[in-house]
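Participant: Sequences listed follow chains F, E and V, in order.
No gaps in the numbering here: position 136 of the first sequence is 136 in our numbering, and each next residue is one more.
Throughout, our numbering is defined as the position within the second sequence, counted from one, plus 1000.
Throughout, our numbering is defined as the position within the third sequence, counted from one, plus 2000.
Keep in mind the hints are simulated off the structure, nothing from the lab.
The C-beta atom is built at its ideal place from N, Cα and C for all residues, glycine as well.
Hints are not guaranteed to be accurate.
Derived EDC-like pairs: lysine to aspartate or glutamate, alpha-carbon spacing no greater than 16 Å straight-line [to be verified]:
#1 V:Lys-2276 to F:Glu-106
#2 V:Lys-2283 to V:Asp-2211
#3 E:Lys-1155 to E:Asp-1023
#4 V:Lys-2276 to V:Asp-2232
#5 E:Lys-1007 to E:Asp-1062
#6 F:Lys-126 to V:Glu-2259
If you anchor each label on the Cβ, the simulated ranges turn out as follows [said to hold, decoys possible]:
#7 V:Asn-2088 to F:Leu-8: 49 to 57 Å
#8 E:Gly-1165 to V:Trp-2184: 30 to 38 Å
#9 E:Glu-1210 to V:Phe-2275: 40 to 48 Å
#10 V:Glu-2087 to E:Glu-1210: 34 to 42 Å
#11 E:Ala-1180 to V:Pro-2160: 25 to 33 Å
#12 V:Val-2073 to F:Val-93: 48 to 56 Å
#13 V:Asn-2088 to E:Arg-1105: 28 to 36 Å
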Amino acid sequence: MTRRNLLLLAVVLLVACALPFLVSNYRTFQLTLVLVYAIALLGLNILTGYSGQISLGHGAFYALGAYVTAILMDKAGVPYWATVPAAGAVCLVAGFLFGLPALRLEGLYLALATFALGVAMPQLLKYHHLEKWTGGVQGIVIPKPDAPFGLPLNPDRWLYYFTLVIAVLMFVLAWNLLRGRVGRALVAIRDQHIAAEAMGINNALYKSLAFGVSAMYTGVAGALSAIAVQFVAPDSFNIFVSIVLLIGIVVGGLASISGALYGALFVQFIPNIADDISTAAPWAIFGIFMIGFVYLMPTGVAGAVRLLLAKRRSAP
Amino acid sequence: MALLEVKGLHAAYGQTRVLHGLDFVLEQGSITALLGANGAGKTTTLRSLCAMVKTQGEVSFDGRRIERMATEDIVRLGVAHVPDGRGTFLNLSTEENLRLGGYVRRDKKTVESDLERMFGYFPRLRERRRQQAGTLSGGEQQMLAVSRALMLAPKLMLLDEPSFGLAPLLVRELFGILRAINQREHVSMLLVEQNAAMALDLADHAYLIETGRVVLQGSSNDLKSNDSVRRSYLGY
Amino acid sequence: MEAFLHQVLAGLATGGIYASLALALVMIYQATHLVNFAQGEMAMVSTYIAWSLINAGMPYWPAFLLTVGISFVMGVVIERVVIRPVENAPVLGVVTVFIALLVILNSVTGWIYTYTIKSFPSPFPKEMALGRYMSPHELGAIGITLVVLLALYVFFRFTPLGLAMRAAAQNPVSSRLVGIRVGWMLALGWGLAAAVGAVAGMMVAPIVYLDPNMMGGILLYAFAAALVGGIDSPMGAVIGGFTVGVLENVLGAFVIGNELKLSVALVLIIGVLLFKPSGFFGKVHVTRV
């Protein structure tokens, strides 16, 4: 990474650390959710942007991660910070397993199958035989964690830093994965899958891995969201969660790590702004933005930024 | 009067340029052949006339400039194209294919009698009228393709390699019918053929195309007696 | 035994609705190779339009017919304005536009009509002889569905325009060579699909009540039906629809309980995609390298 980019990154991180002391508690909570979405979007981007597989059902993994956290905390008394890797592990396995049969589906058909998963998820969560674990329709309430070691931070700020650390870890992990062999293999599979196979890349393995890893990211995000929101219930995890994630990567930009952050900011703050106009407006605005981006800015904000920077660099 | 006039036609598939300034003329009522080896640009020429390829240059049909028009509008002016590969609607029946040929015509009664006429020219199609077109033999599909084009009651027919994959006897039969249609119904024809000998027997005029340009033109008799044509394309 | 029969018959009624919606999906798929994720929301919007007309005092059947007409126009407009620009875009772009359409239709309807559940009238009498096995509305719904399916069949098989639409869907290049305006054929296809969806919506609304989210689950069943039958086979869609309807009811009542009925659709979809992707009546596709 160039020195210039490293410097930029350092500045961004510095600002990120300073923010909770500059804004209200509620804003801090919202920024925590931005980080959560960023992690989830990174996950979906690994699958859709790099590996070229469309998922309209990632909300299901988000829900799975959230419920793992909630159940472990509520029923097994596991401390909140330990549930996050647990959620990640469960979703890694679940995603990989789902990815195995999904291998045989391309483009539209995979979109269809994952769409079905996303629509059916709330009903699966409400299933009464699972009620003693999931809490049924009412869901599960979880307590907000306090800062450890008696640090002088209120819960909102602590949660923000906790999420920030995990986010940075996840971003670094993704960056390493995608810049190296794995990333190149995924792009090769995405762009010319028959040629990739002929070159010796094990398509099946990489594609299922992509599913697993992307599910893991989304599951970690779900876990963190459960801790932040302090509540999980089946109806919060309907198809619209999956759609929000889709919006995030379309707006933020595919095959881009920075895109996850742009998308997360968009998805978290547009509803606020739109709410002032009308209560139904956020979704209509999302829809219009989605169409607008597909027509006008198919590479998303990240792509547009890249283009702008390239133009400035090449201009005399 | 020239029914079709082409001036400076350039055509390309993406970055690959195929036609480099083609000029030719087709007289009303004539059968004109475009000859040349594989890859010379003959099929591309026919496709360019129907706006199936990106082109530059001037194309006039029946006095109108058509190079900017869409395929379906050019067809509606009376240009019927029997394409490379026949373009049969494989999942529809023989009769449905023929009816589609007459789709744009307003005179419905004449369309019905034309349908009968096609069956008259090609009795085998009548036998197979309800059969799925994809199950017809190569020769039958060729007859179907020609008939479908005729159902348009066109002024001009574009034929892309009508002899392709057909036994010589069948080709002779088909070309005989084409000659009859040209004389009886005054349908002009532009014929693209690799089989230069048969094409020159059918056509009145011919153009020889090499790498996207016209290199020789004349009446078919002239070309038949031309030495280099004889050696390169007629095999003797 | 009686209970079983009742479930089967009720299943046929909802099956007819799935069959109609599945047919709309297949019509669009055949012409464009695209899955219309917004088909359910379009049907929902049509049903709300009907509701408004009826609420304003229009008698049922005129409102029904007017709604079908308006929906036809809506389908044509959506194809020309929203879908046409992205017809050849990469898959993700197309899917995103469809989802965006779904989202916009859903939220705007919710904004105009609010999310309170409304009741939607049934044009069929309340009581009937067969009362033990089927409600009059269920029987009527099957009847209307069959009429619509028959009308579509006659249209596509015996009219020149229907022939032209079939040709345009199968072979756009050759269709242009016979003078067919392929773009408009696509738009017409969308119009018909929207009209069929409107009928489905109006038939199902008396059963599930009218609310902006009513078509979500139903769309899923329609997807399952279309896939089971073969996504490019209209007949398959119809048979698939009735099959899924009966399966849903019978499994829901006797095997897995009503709560997990949507999972039946999910399992069917994934199962078919994995084991018989061309469905039972569709064509198998081979990809060229």
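Participant: Measuring from beta carbon to beta carbon, are Glu-2087 of chain V and Glu-1210 of chain E in 34 to 42 Å?
Facilitator: Cβ of Glu-2087 of chain V to Cβ of Glu-1210 of chain E: about 38 Å, so the range 34 to 42 Å holds.
Participant: If I claimed the Cβ atoms of Ala-1180 of chain E and Pro-2160 of chain V lie 25 to 33 Å apart, would that claim hold in this structure?
Facilitator: 29 Å, holds
Participant: Please check whether Asn-2088 of chain V and Arg-1105 of chain E have a Cβ separation lying inside 28 to 36 Å.
Facilitator: 31 Å, holds
Participant: CB of Val-2073 of chain V to CB of Val-93 of chain F, is that within 48 to 56 Å?
Facilitator: At roughly 50 Å between Cβ atoms, Val-93 of chain F and Val-2073 of chain V fall inside 48 to 56 Å, so the hint holds.
Participant: CA of Lys-2276 of chain V to CA of Glu-106 of chain F, is that 16 Å or under?
Facilitator: 14 Å, holds
Participant: Please work out if Lys-1007 of chain E and Asp-1062 of chain E have their alpha carbons no farther apart than 16 Å.
Facilitator: This hinted pair holds, its Cα atoms lying about 15 Å apart.
Participant: Check the following: the C-beta atoms of Asn-2088 of chain V and Leu-8 of chain F are separated by a distance inside 49 to 57 Å.
Facilitator: Violated, at about 37 Å.
Participant: Holds or violated: are the alpha carbons of Lys-2283 of chain V and Asp-2211 of chain V at most 16 Å from each other?
Facilitator: 37 Å, violated
Participant: For a C-alpha distance cap of 16 Å, please report whether Lys-126 of chain F and Glu-2259 of chain V respect it.
Facilitator: 8 Å, holds
Participant: Return holds or violated for the Cβ distance of Gly-1165 of chain E and Trp-2184 of chain V against the range 30 to 38 Å.
Facilitator: Because 34 Å falls inside the window, the suggested range holds.
Participant: CB of Glu-1210 of chain E to CB of Phe-2275 of chain V, is that within 40 to 48 Å?
Facilitator: 55 Å, violated
Participant: Do the alpha carbons of Lys-2276 of chain V and Asp-2232 of chain V lie within 16 Å of each other, as the hint requires?
Facilitator: 13 Å, holds
Comparing the model with each earlier hint shows violations of hints 2, 3, 7 and 9; every other hint is respected.
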